[in-house]
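Trainee: Sequence:
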Amino acid sequence: MRMLIAGVAVAMLAGCSLPASLVPGEPNVSKYSSKPPKEYVACVLPLWQQQIPKTTQIGISNGYRLTAPSIITADEILDIVKSKDGSRVSLYQGPPWAKSAAMRQAVRDCL
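Numbers -22 to -1, 1 to 89, taken from mature numbering (1 follows the signal peptide of the UniProt record, and there is no 0), label the letters of the sequence shown in order.
Simulated from the structure, these hints should not be mistaken for lab results.
Any given hint could turn out to be false.
[Said to hold, decoys possible] Keeping only pairs whose Cα atoms sit at most 30 Å apart, straight-line, the calculated DSSO-like set for lysine-lysine is: (1) K32 - K77; (2) K32 - K16; (3) K62 - K9; (4) K9 - K32; (5) K60 - K9; (6) K13 - K77; (7) K13 - K32; (8) K9 - K77; (9) K13 - K62; (10) K60 - K13; (11) K60 - K16; (12) K62 - K16; (13) K77 - K60; (14) K32 - K60; (15) K16 - K77.
I would like the entire structure built from these sequences, with the hints used as guidance.
Mentor: This is how it looks when you write it as structure tokens:
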């Protein structure tokens, strides 16, 4: 019985740790910037790394993805993709109690 309860608990925690971009739904913040993706990511990456030093940047189709890892909840993910007049910025955050206002503010400050 203990094994069953432990298995269910692990499965529930694994579901909580999936990156928000893998979960269907809308981004928490979706904005446009006149800056191209390379310029925008150069602005926001250092601000995110001040908050979470293990923030990483990878290249994705037509842009970049920043991932700020979380030990407890879903990672905070920022997709920056090329749009007609600059960049489309999409921020995915975890549950309401775990959202970082500083990360969200950095996204807005770099627009």
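Trainee: Now, for every hint given, state plainly whether the structure supports it.
Mentor: Okay, the hints, checked on the actual structure:
{"no.": "1", "hint": "K32 - K77", "result": "holds (17 Å)"}
{"no.": "2", "hint": "K32 - K16", "result": "holds (20 Å)"}
{"no.": "3", "hint": "K62 - K9", "result": "holds (13 Å)"}
{"no.": "4", "hint": "K9 - K32", "result": "holds (24 Å)"}
{"no.": "5", "hint": "K60 - K9", "result": "holds (12 Å)"}
{"no.": "6", "hint": "K13 - K77", "result": "holds (25 Å)"}
{"no.": "7", "hint": "K13 - K32", "result": "holds (25 Å)"}
{"no.": "8", "hint": "K9 - K77", "result": "holds (18 Å)"}
{"no.": "9", "hint": "K13 - K62", "result": "holds (11 Å)"}
{"no.": "10", "hint": "K60 - K13", "result": "holds (9 Å)"}
{"no.": "11", "hint": "K60 - K16", "result": "holds (9 Å)"}
{"no.": "12", "hint": "K62 - K16", "result": "holds (14 Å)"}
{"no.": "13", "hint": "K77 - K60", "result": "holds (26 Å)"}
{"no.": "14", "hint": "K32 - K60", "result": "holds (25 Å)"}
{"no.": "15", "hint": "K16 - K77", "result": "holds (25 Å)"}
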